[in-house]
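Whenever a hint applies, use it, and build me the whole structure from the sequences.
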Amino acid sequence: MEFVVFVVAAAGALAGGVGVIASRTPVRSALSLLLVLGNLAVMYLLLSAQFIAALQVIVYAGAIVVLFLFVIMLLHMRTGEGRVEKLRWQRPVSYVLSGVFLSALLWAIWTGTGTQVATSPAGFGTVESVGRSLFTTFLLPFEIASVVLLVGIIAAVVVGRPVVPPSARAHLPPPE
Amino acid sequence: MTLPQVDLRIILPEITVGIAVAVVMVWAAFLPQDRQRLLRWVSGIALLLALLEVFVVSGGAAFGGMYVRDSLTKSLQIIVMLTAILAVWMSGAYMERTRLETGEYYALLLSAALGALLMAASADLLLLFLGLETLSIPLYVLAAIARGDLRSQEAGMKYFLLGAFSTVFFLYGLALIFGAAGSTSLARVASAAGTGSPLLLAGIGLVTIGLAFKAAVVPFHAWAPDVYEGAPLPVAAYMSVIAKVGAFAAMIRVFVLALPGAVVPWGTALAVLSMMTMTLGNVAALLQSNLKRLLAYSSIAHAGFMLTGIIAANRAGTSAVVFYLLVYTLMTLGAFGVLLGLARRGEEADDISDLTGLAWRSPALAGAMTLFMASLAGLPPTAGFFAKLYVFSAVLDAGYVAVVIVAVLTSVVSAYYYLRVAYTMFIGQPSPEVEFVGGRWVSTAIIVTAAGVLLLGIIPAPVTTFLEQVADALK
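Chains as they are written, first to last, in the numbering used here: chain W, 1 to 176; chain R, 1001 to 1475.
Think of the hints as simulated: they come from the structure by calculation, not from any bench. There could be a bad hint or two in this list.
Pair ranges (Cβ atoms, derived) [as the list claims (entries may be wrong)]: (1) 1161(R) x 107(W): 25 to 31 Å; (2) 1409(R) x 69(W): 30 to 36 Å; (3) 1436(R) x 64(W): 40 to 46 Å; (4) 1412(R) x 10(W): 53 to 59 Å; (5) 58(W) x 1393(R): 55 to 61 Å; (6) 156(W) x 1397(R): 24 to 30 Å; (7) 1147(R) x 102(W): 36 to 42 Å; (8) 1409(R) x 58(W): 56 to 62 Å; (9) 1466(R) x 2(W): 57 to 63 Å; (10) 48(W) x 1168(R): 48 to 54 Å; (11) 58(W) x 1444(R): 41 to 47 Å; (12) 2(W) x 1397(R): 52 to 58 Å; (13) 1397(R) x 15(W): 37 to 43 Å.
Here chain R is said to cover these stretches of chain W; the calculated rule only asks that three of the stretch's residues, wherever they fall, bring their Cβ under 8 Å from a Cβ of chain R [claimed, not checked]: (14) 28-39; (15) 131-142; (16) 146-155.
Which residues of chain R face chain W? A few of them, derived with a C-beta cut under 8 Å, are [stated by the list, open to error]: (17) 1009; (18) 1018; (19) 1060; (20) 1063; (21) 1130; (22) 1137; (23) 1150; (24) 1154; (25) 1264; (26) 1265.
Keep in mind that this is a model prediction, so the values were computed, not measured. Cβ coordinates follow ideal geometry from the N, Cα and C atoms, glycine included.
Set out below in structure tokens:
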């Protein structure tokens, strides 16, 4: 039963992944991403990480994909179509390189899973255990993550603020 | 549920810098545009305070061994503080002149320093990752801070996209390592490395890619020239140093201190990377006519030189890398400081031809630039000579003869383009369009860095003896 669910979810995630990069319109890419994220949530459930699965649906599938759709709507209001590709020779090279990279990773995982792999402790993946480790073992990283978020907000302020036009700058007193 | 024993005193420098970020950001909102220079002082004083705390705060491990404050942490954090203080010091005049001086600039500069501080103290890959992100995200935005300038926007965008891509590699590697070792703690990863699990090796390889990108090691260097060229001058100066300090701090922690070289063959892999980096960085720098691009390729080349100290994986190598980082900070910031002091009709004087005849008009400035170029090329009696001497002799002791041959040959190549810059300053007529705009702050920063380069070049012994003790205390 578990295997059947896995195969269905994995096939869905793969199809979504192909959809993200193969779609011609950004909207379809974003919706394919939704498919990927939803199927990943199922995978997390299979790996007994309920909390992460719930977060995946709420944060990624919910908020982030909606955000993507909003951005696409604002940027490409009429057709939603992207620009024509200009890089010619990079495409075949990228196929070869990513093929090499993929086979190296697959080889590592194939041979690596035969050896001892770390086991997960009991109660792994519940809200309680995630919360407990966040406030005990991972206290410092948890706090630093808040700094990263603060930096992200400052970054958004800098990038999002309108550029001061030269005419407005003329009203400022000259620097000494 | 038992709460952990938390002693916040040990992270006092980080807390100070973190609070300074918030204070600068909030205060900026209440200051009119022409009084934002107050924030320069706030940031500078906060950094000085944090530097003082690095000396005072007692060492030890905290947060379940995740954060470690040993003598290596201290020396690296001192370099980070020095970089940030010099950057604040030098950038004020430029930012004021270009009307870019805002609270966000200083807040981002401080948070990048915070990230580097954390990377220097991480004994856990997760903390290392968060430090890397706290360092990188501000740099992406700083590169694009000249919003009216298309080149700056392009630099920010390019750096952000490629940086995010390299972060993915780092995270993927982290996940594989966690899968193989069951922990992200460097000590646990090191003990799990004994099994020689391919999963772990793949993870370490991917983490290496993430770090190599930050340090601009070939073949993960392609972003550097474009980003340096597009970013505003003070930002390029700051990022060329702070990202290197963070990345090499992480490399010392991950490779030299944690992973046993006999089990994980990272030495050979990094040796290949370093030879590629030294060759490409120095050869490509020969072709540059833009000073920012030239310094970008020079920073790539120096990443290769520093990498040789990591490969050595011995006591001498570790202390040599830390010494190199200190010298690199002084000479690179000094060279950028000279550029910050010049302007071509209000624009950045970033072309080599802008320096023509500078020696006859401002001999002191040209003298300082010559000193920095000689140090970057590694000529005695400057600090750059000893920095190279120490890393090369360390890696020679470790038995990597080929690396040393490439390093010495490419150093000779590098002398050509560094001395070409110096030569330009002594020939021809000075262009009337190029003028000195630095002011006393930039001048004093140049004097301080030049004094440091000379002093470390003539009597390096006190610093190197101290750093050898640091390296001794580690193992």
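Results for each hint:
Between residue 1161(R) and residue 107(W) the beta carbon distance is about 29 Å. The supplied range of 25 to 31 Å therefore holds. Checked against the hint of 30 to 36 Å, the C-beta distance between residue 1409(R) and residue 69(W) comes to roughly 55 Å, which is inconsistent with it. Range check, residue 1436(R) to residue 64(W): Cβ separation about 50 Å, and the 40 to 46 Å hint is violated. Range check, residue 1412(R) to residue 10(W): about 55 Å between beta-carbon atoms, so the 53 to 59 Å window is met.
Here the CB-CB span from residue 58(W) to residue 1393(R) is close to 57 Å, well matched to the stated 55 to 61 Å. Judged by the Cβ atoms, the range 24 to 30 Å given for residue 156(W) and residue 1397(R) is violated: they are separated by roughly 49 Å. The supplied range of 36 to 42 Å is met by residue 1147(R) and residue 102(W), whose beta-carbon atoms lie about 39 Å from each other. For the pair residue 1409(R) and residue 58(W), the supplied restraint of 56 to 62 Å holds, since their beta-carbon distance comes to about 58 Å.
At about 59 Å, the CB distance of residue 1466(R) to residue 2(W) agrees with the hint of 57 to 63 Å. For the hinted restraint 48 to 54 Å between residue 48(W) and residue 1168(R), the CB-CB distance of approximately 25 Å leaves it violated. At about 54 Å, the beta-carbon gap between residue 58(W) and residue 1444(R) misses the expected band of 41 to 47 Å. In this structure the hint that residue 2(W) and residue 1397(R) lie 52 to 58 Å apart at CB holds, the actual value being about 55 Å.
In this structure, residue 1397(R) and residue 15(W) break the distance hint of 37 to 43 Å, their C-beta atoms being roughly 55 Å apart. With 0 residues carrying a beta carbon less than 8 Å from a beta carbon of chain R, the region 28-39 of chain W misses the three-residue requirement, and the given coverage is violated. Residues of the region 131-142 of chain W with a Cβ under 8 Å from some Cβ of chain R number 8, which satisfies the need for three, so the listed coverage holds. Only residues whose beta carbon comes within less than 8 Å of a beta carbon in chain R count, and the region 146-155 of chain W has 7; three or more means the coverage holds.
Look at residue 1009(R): its Cβ only gets to about 14 Å from chain W, farther than 8 Å, so that hint breaks. Taken as an interface hint, residue 1018(R) checks out: its beta carbon lies about 6 Å from the nearest beta carbon of chain W, inside 8 Å. The interface hint given for residue 1060(R) is broken, as the beta carbon of that residue sits about 14 Å from the closest beta carbon of chain W, more than 8 Å. Restraint check, residue 1063(R) versus chain W: the minimum CB separation of about 4 Å is within 8 Å; hint holds.
Restraint check, residue 1130(R) versus chain W: the minimum CB separation of about 4 Å is within 8 Å; hint holds. The restraint placing residue 1137(R) at the interface with chain W holds, with a minimum CB-CB distance near 5 Å, inside the 8 Å limit. Here the hint on residue 1150(R) is broken, as its CB sits about 11 Å from the closest CB of chain W, past 8 Å. Restraint check, residue 1154(R) versus chain W: the minimum CB separation of about 13 Å is more than 8 Å; hint violated.
Because the beta carbon of residue 1264(R) sits about 13 Å from the nearest beta carbon in chain W, more than 8 Å, this interface hint is broken. Interface hint status for residue 1265(R): violated, as the beta-carbon distance to the closest one in chain W is roughly 15 Å, over 8 Å.
Taken one by one, the earlier hints fail for this structure at numbers 2, 3, 6, 10, 11, 13, 14, 17, 19, 23, 24, 25 and 26, listed in ascending order.
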